[in-house]
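Knowing the structure of chain A, use the given hints to seat chain B on it.
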Amino acid sequence: MTAITDVAGRPTRPRAAGEGSGRKRRSGAEGVRSGPVLLVAWIAYAILPWYWLDLSGSAHPLAGYPVGPGGSALALGVTGRAWWLLPLLVPLAIATAGWRSADPQRRNGLLVLGGALGLLATLKQGFLIGLKGWSFAWLAALMGGPGPTQVGFGLGAGVLLYAFLLLVCQGLAGRGWCRGDAFVVGAVGTVVALILLFVFFPVSTILASAFQDNAGHLALGEFAAKITDQSVWGLDCVTGQLRCGVAWNTVFLGLIVGVATTALGLAFALIATRTRFRFKGALRLLSILPIITPPFVIGLALILMFGRSGAVTALLSEWFGVPRSRWIYGLPGIFIAQVLAFTPIAYMVLVGVVQGISPSLEEASQTLRASRWTTFRTLTLPLIRPGLANAFLLGFVESLADFGNPLVLGGNYEVLSTKIFFAVVGAATDQGRAAVLSIVLLGFTLLAFWAQQMWVGKKVYVTVAGKGDAGLPAPLPRRVAWACYATAVPWALFTAVIYILILVGGFVRSLGRDYTLTLDHYVAGFRIEQGLGGWVFSGGAWDSFFATVEVAAMAAPLTAAIGLLTGYLLTRQRFAGLRAFEFSTLLSFAIPGTVIGVSYILAFNVPPFELTGTALILVICFVFRNMPVGVRSAVATLSQIDKSLDEASLTLGARSWTTIRLVVAPLLRPAIMASLVYSFVRAMTAVSAVIFLVSAQYNMATTYIVGRVEAGEFGIAIAYSSVLIVVMLVAIVGIEALVGKRKLGRRETAASPAVAVGG
Amino acid sequence: MPKAPASVEFRSVSKRYGLVTAVDDVTFTIEPGTLVTLLGPSGCGKTTTLRLIAGLEMASEGQILIGGADVTRLSAADRDVSMVFQSYALFPHMSVIENVAYGPTVQGVPKARAREMAAEKIAVVGLSGLENRSPSELSGGQQQRVAVARALVLEPQVLLFDEPLSNLDAKLRRRVREDIRALQQQLNLTVAYVTHDQEEALAVSDRIIVMSNARIAQAGTPRDLYEQPADLFVADFIGDANILDGVLEEERGERGLIRLGPVALDLARRGARSGPVKLAVRPDAMAITAQPNGRASVEGVVEHSSYLGRSLEYRISSPLGELFVVDNGRAAVHPPGARIHVGFSEGGIVVLPG
Numbered sequence: 150m151t152a153i154t155d156v157a158g159r160p161t162r163p164r165a166a167g168e169g170s171g172r173k174r175r176s177g178a179e180g181v182r183s184g185p186v187l188l189v190a191w192i193a194y195a196i197l198p199w200y201w202l203d204l205s206g207s208a209h210p211l212a213g214y215p216v217g218p219g220g221s222a223l224a225l226g227v228t229g230r231a232w233w234l235l236p237l238l239v240p241l242a243i244a245t246a247g248w249r250s251a252d253p254q255r256r257n258g259l260l261v262l263g264g265a266l267g268l269l270a271t272l273k274q275g276f277l278i279g280l281k282g283w284s285f286a287w288l289a290a291l292m293g294g295p296g297p298t299q300v301g302f303g304l305g306a307g308v309l310l311y312a313f314l315l316l317v318c319q320g321l322a323g324r325g326w327c328r329g330d331a332f333v334v335g336a337v338g339t340v341v342a343l344i345l346l347f348v349f350f351p352v353s354t355i356l357a358s359a360f361q362d363n364a365g366h367l368a369l370g371e372f373a374a375k376i377t378d379q380s381v382w383g384l385d386c387v388t389g390q391l392r393c394g395v396a397w398n399t400v401f402l403g404l405i406v407g408v409a410t411t412a413l414g415l416a417f418a419l420i421a422t423r424t425r426f427r428f429k430g431a432l433r434l435l436s437i438l439p440i441i442t443p444p445f446v447i448g449l450a451l452i453l454m455f456g457r458s459g460a461v462t463a464l465l466s467e468w469f470g471v472p473r474s475r476w477i478y479g480l481p482g483i484f485i486a487q488v489l490a491f492t493p494i495a496y497m498v499l500v501g502v503v504q505g506i507s508p509s510l511e512e513a514s515q516t517l518r519a520s521r522w523t524t525f526r527t528l529t530l531p532l533i534r535p536g537l538a539n540a541f542l543l544g545f546v547e548s549l550a551d552f553g554n555p556l557v558l559g560g561n562y563e564v565l566s567t568k569i570f571f572a573v574v575g576a577a578t579d580q581g582r583a584a585v586l587s588i589v590l591l592g593f594t595l596l597a598f599w600a601q602q603m604w605v606g607k608k609v610y611v612t613v614a615g616k617g618d619a620g621l622p623a624p625l626p627r628r629v630a631w632a633c634y635a636t637a638v639p640w641a642l643f644t645a646v647i648y649i650l651i652l653v654g655g656f657v658r659s660l661g662r663d664y665t666l667t668l669d670h671y672v673a674g675f676r677i678e679q680g681l682g683g684w685v686f687s688g689g690a691w692d693s694f695f696a697t698v699e700v701a702a703m704a705a706p707l708t709a710a711i712g713l714l715t716g717y718l719l720t721r722q723r724f725a726g727l728r729a730f731e732f733s734t735l736l737s738f739a740i741p742g743t744v745i746g747v748s749y750i751l752a753f754n755v756p757p758f759e760l761t762g763t764a765l766i767l768v769i770c771f772v773f774r775n776m777p778v779g780v781r782s783a784v785a786t787l788s789q790i791d792k793s794l795d796e797a798s799l800t801l802g803a804r805s806w807t808t809i810r811l812v813v814a815p816l817l818r819p820a821i822m823a824s825l826v827y828s829f830v831r832a833m834t835a836v837s838a839v840i841f842l843v844s845a846q847y848n849m850a851t852t853y854i855v856g857r858v859e860a861g862e863f864g865i866a867i868a869y870s871s872v873l874i875v876v877m878l879v880a881i882v883g884i885e886a887l888v889g890k891r892k893l894g895r896r897e898t899a900a901s902p903a904v905a906v907g908g
Numbered sequence: 025m026p027k028a029p030a031s032v033e034f035r036s037v038s039k040r041y042g043l044v045t046a047v048d049d050v051t052f053t054i055e056p057g058t059l060v061t062l063l064g065p066s067g068c069g070k071t072t073t074l075r076l077i078a079g080l081e082m083a084s085e086g087q088i089l090i091g092g093a094d095v096t097r098l099s100a101a102d103r104d105v106s107m108v109f110q111s112y113a114l115f116p117h118m119s120v121i122e123n124v125a126y127g128p129t130v131q132g133v134p135k136a137r138a139r140e141m142a143a144e145k146i147a148v149v150g151l152s153g154l155e156n157r158s159p160s161e162l163s164g165g166q167q168q169r170v171a172v173a174r175a176l177v178l179e180p181q182v183l184l185f186d187e188p189l190s191n192l193d194a195k196l197r198r199r200v201r202e203d204i205r206a207l208q209q210q211l212n213l214t215v216a217y218v219t220h221d222q223e224e225a226l227a228v229s230d231r232i233i234v235m236s237n238a239r240i241a242q243a244g245t246p247r248d249l250y251e252q253p254a255d256l257f258v259a260d261f262i263g264d265a266n267i268l269d270g271v272l273e274e275e276r277g278e279r280g281l282i283r284l285g286p287v288a289l290d291l292a293r294r295g296a297r298s299g300p301v302k303l304a305v306r307p308d309a310m311a312i313t314a315q316p317n318g319r320a321s322v323e324g325v326v327e328h329s330s331y332l333g334r335s336l337e338y339r340i341s342s343p344l345g346e347l348f349v350v351d352n353g354r355a356a357v358h359p360p361g362a363r364i365h366v367g368f369s370e371g372g373i374v375v376l377p378g
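Going down the list, the protein sequences come from chains A and B. Numbering (our numbering) for the first sequence: 150 to 908. Numbering (our numbering) for the second sequence: 25 to 378.
Only chain A is shown next, with the shape it has when bound in the complex (with noise of 0.2 Å):
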């Protein structure tokens, strides 16, 4: 600071009048600044349409306005017409109230008041009256009559709750919450509601529907009964010739592929990083695959090699006059297909955990004289004994919650996934038991779930220290190395036959019966003709794709950005009940997709939610779903980048937001080109929730898979998965070399750890 003399007998130049702004704001009471919330609560309510609009109709949405469908609460509640829409006058009179009030005490005990009442008061009518009167038969005894009738919320409806919520946040930010950051209280109110809304509500419906017989009234004697039923936990398979219950069969597939995926991941992970193998690249493929793998591709890809007509079959036959079978159609068949599929999410889970281990820690076993293989089994595999447990418990929830594998390949082998979509869509439709089936799915991948969350998912990183520590990892004793070998090279060149069939099976004919080349199954999905109007997509499949990434390209950025938001408030901000908050968010993750599915028909199909049929509905299932992915990457960047970041912003004046957007995001920006691309893929590859929720308008690309292989179009169903694969292949590739020139150029100085990493 030698320069301070130069200046110091200058005094400093005085400030213009007009640069106050550069000042911080202090005044005290202007922290949280209601006006503007209060002013669109206000909008919404008086102005906006309050009900959800059929804009497929021939009428005109808004004819009538104010009154009419298109009419808005204050319209409606004055003439008559839903009376009950008035009341909401009262909490918006009081959050005014408090807006006015010059006292901050009372100000902000007004607005969580009339925030709180204001929520509870929109939702109860919402939930009161429905589309055939009240809701509930003691209401409608209790009134008399069959009641008003009214149809899901709209955008008025919507804006109102959500600015409701905020004035709740904001009375609560001016209470000294989460430190008075109005921003943060917010942003932690959306993600808590959007979650209560979106995993909690649609759960607790299938709850609620199992206890119910399919009219409606509490039934808990058939409750009972269906959740002991004798389909369902049966054991006849151990004394007789009978087949178990599916929940048996469901647990047995899960636990054999659990253990088969972990000894196959474990194999590749140590042939990774412990050996010489030549052709790891490989092993990095390996890693990419299941992301971007429709989960039923495989099981299409074994049919056509191993099914009656496969090409394996027919050459098996030819040759060696084994006779043609139905094998692969059962529990071989699922077995084999989810190994495939889920040995990759193994090996990514053991590959961390097997480099985590310090070299150091081996080097001094074998500077203590012990040999490699007891290094091995009395260091090496007792530190990687938690991933082990993971990703056992990866692949039991993996497979318990796969859906396109045995809906393909199943046969008479039922596991809980396809009998709950049967239940739900085939002929003898049973909502109820659906649900109760759903209850015990859901039930099993919570304890997994839970497991995993307590027993191991603290350990398993343990050996991961912050420092960078030299030292080579011992190689592998020889005995280990071989039997990696002989366990890994066979499966690996068995997955790579599949996917070289996957990619050619769409330019022939028929596999296994006429190998002409052809180009008849990408012309009938993909063609493209020029009519009258110019180019016109005529091809089949076209309808599905479009749709397909126009709702991926929807869900991306939704995704990705609370995801990330969650993330951030996990890591940056200390408020009550974290830890459930936590919980919470990972815990949509391990639903099973096909609960998600059925648990939204049942939630969102009746006012005051009516989203089905929309392609609202798919994006919202895609973003919930896939959100804690987000979640992770960003816990996981953001922990390594110092807090006081975030605090030295935060004390030159800017607000959370802004330091959101200036400092964090800009540090982030890896997580967030992963999360967009995560989220992206998973929604163009996602089967089993979207199944229940297509619609003729929104089909997706995997449902349209999947109806051709149900109809026996093998030939267009192996084409599209193909287009698919590359398509996002190349999307993968494309991002990632974006990603990494990033990486090159400015986040080279956060990493340096001088700057980033307190001390």
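Careful: at least some of the hints might be erroneous.
Beta-carbon label-pair distances, calculated as ranges [as the list claims (entries may be wrong)]:
| id | chain 1 | residue 1 | chain 2 | residue 2 | range |
| --- | --- | --- | --- | --- | --- |
| 1 | A | 527 | B | 190 | 34 to 44 Å |
| 2 | B | 221 | A | 269 | 53 to 63 Å |
| 3 | B | 84 | A | 374 | 53 to 63 Å |
| 4 | B | 190 | A | 252 | 37 to 47 Å |
Calculated lysine-lysine pairs in the DSS-like style (CA-CA distance at most 30 Å, straight line) [as the list claims (entries may be wrong)]:
| id | chain 1 | residue 1 | chain 2 | residue 2 |
| --- | --- | --- | --- | --- |
| 5 | B | 302 | A | 792 |
| 6 | B | 135 | A | 792 |
| 7 | A | 281 | A | 429 |
Coverage of chain B stretches by chain A, computed from C-beta distances (three or more under 8 Å per stretch; other residues unrestricted) [stated by the list, open to error]:
| id | segment |
| --- | --- |
| 8 | 77 to 83 |
| 9 | 104 to 118 |
| 10 | 246 to 256 |
Quick caveat, the hints were computed from the structure, so don't treat them as lab data. None of these values were measured; they are calculated from a predicted model. Built from N, CA and C at the ideal position, the CB exists for glycine as well.
Same frame as chain A, now just chain B:
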């Protein structure tokens, strides 16, 4: 005119995390334009206190006033306070000038003007010419100046330093702390400064607040704390002290006759009554001689001696207990085992009240 510096006032402020109390019923005032140090061992609550001033933590109880206005419930962004962080917390994706201009920019100052303000402060800390470097291209000392410039750019009412010297090497520390003090006095800033290094605190502060176990142990000028420690903790923490047992034999108004083994001393009694008292004896208040030196001396044996260039340190066993003595003279080194005499001067000895 630049803004007048503001006072900071804590009124019975507590901060609790669950069952842990990090700051317990703390009351103090930092006068405008002074540099006050929060000093204490790690975990004593000093950094939490600093963060409470900044608004990075919210008080569980009590009131915080800055410049007379109640800011207890205001968020960090709304308080006119800037902070220099221990890790400097420079934004790695911004250049030096972008870092310094960040404050005015987010306040809505036009970009050109914000850069002008930033350049001015970069000149103040002597980094002109390095505006377009990225923080990772600067040395630790330079990074810290950028952090100071960034904190100064909004001309805050109060400037906070969180252990600003801890990432610098020993030589640089003395320079930087003098620079900080000079800057504070030139710009007439109110500064709160956290450190665990008592020498640093003595060197820079107008006043020091010594904290221990989430409470204030003593507050006062450096001289007060060194010469009039309120208790054993402060006496031991500010400068070293030998804590010895003595007996107050005779009260003589404000002073008293105190017997320390064979030695009789006339000291300010600081409220102590007749009977046993604790004395804090500074290591440099004793002189080591080979021969008895007047009546105020005891015999002892050298247990251990260290030669530190500028001074000599001895551990001596004596009838009064083990003594830690620093000899600043150019005398010969007394080897371990040597029988010596330790002379007491009344200057560096205080009675500990209570």
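Now for the hints, and whether the structure bears them out:
no.: 1; hint: 527(A) to 190(B): 34 to 44 Å; in the structure: 41 Å, holds
no.: 2; hint: 221(B) to 269(A): 53 to 63 Å; in the structure: 56 Å, holds
no.: 3; hint: 84(B) to 374(A): 53 to 63 Å; in the structure: 54 Å, holds
no.: 4; hint: 190(B) to 252(A): 37 to 47 Å; in the structure: 44 Å, holds
no.: 5; hint: 302(B) to 792(A); in the structure: 45 Å, violated
no.: 6; hint: 135(B) to 792(A); in the structure: 27 Å, holds
no.: 7; hint: 281(A) to 429(A); in the structure: 63 Å, violated
no.: 8; hint: 77 to 83; in the structure: holds (count 5)
no.: 9; hint: 104 to 118; in the structure: holds (count 13)
no.: 10; hint: 246 to 256; in the structure: violated (count 0)
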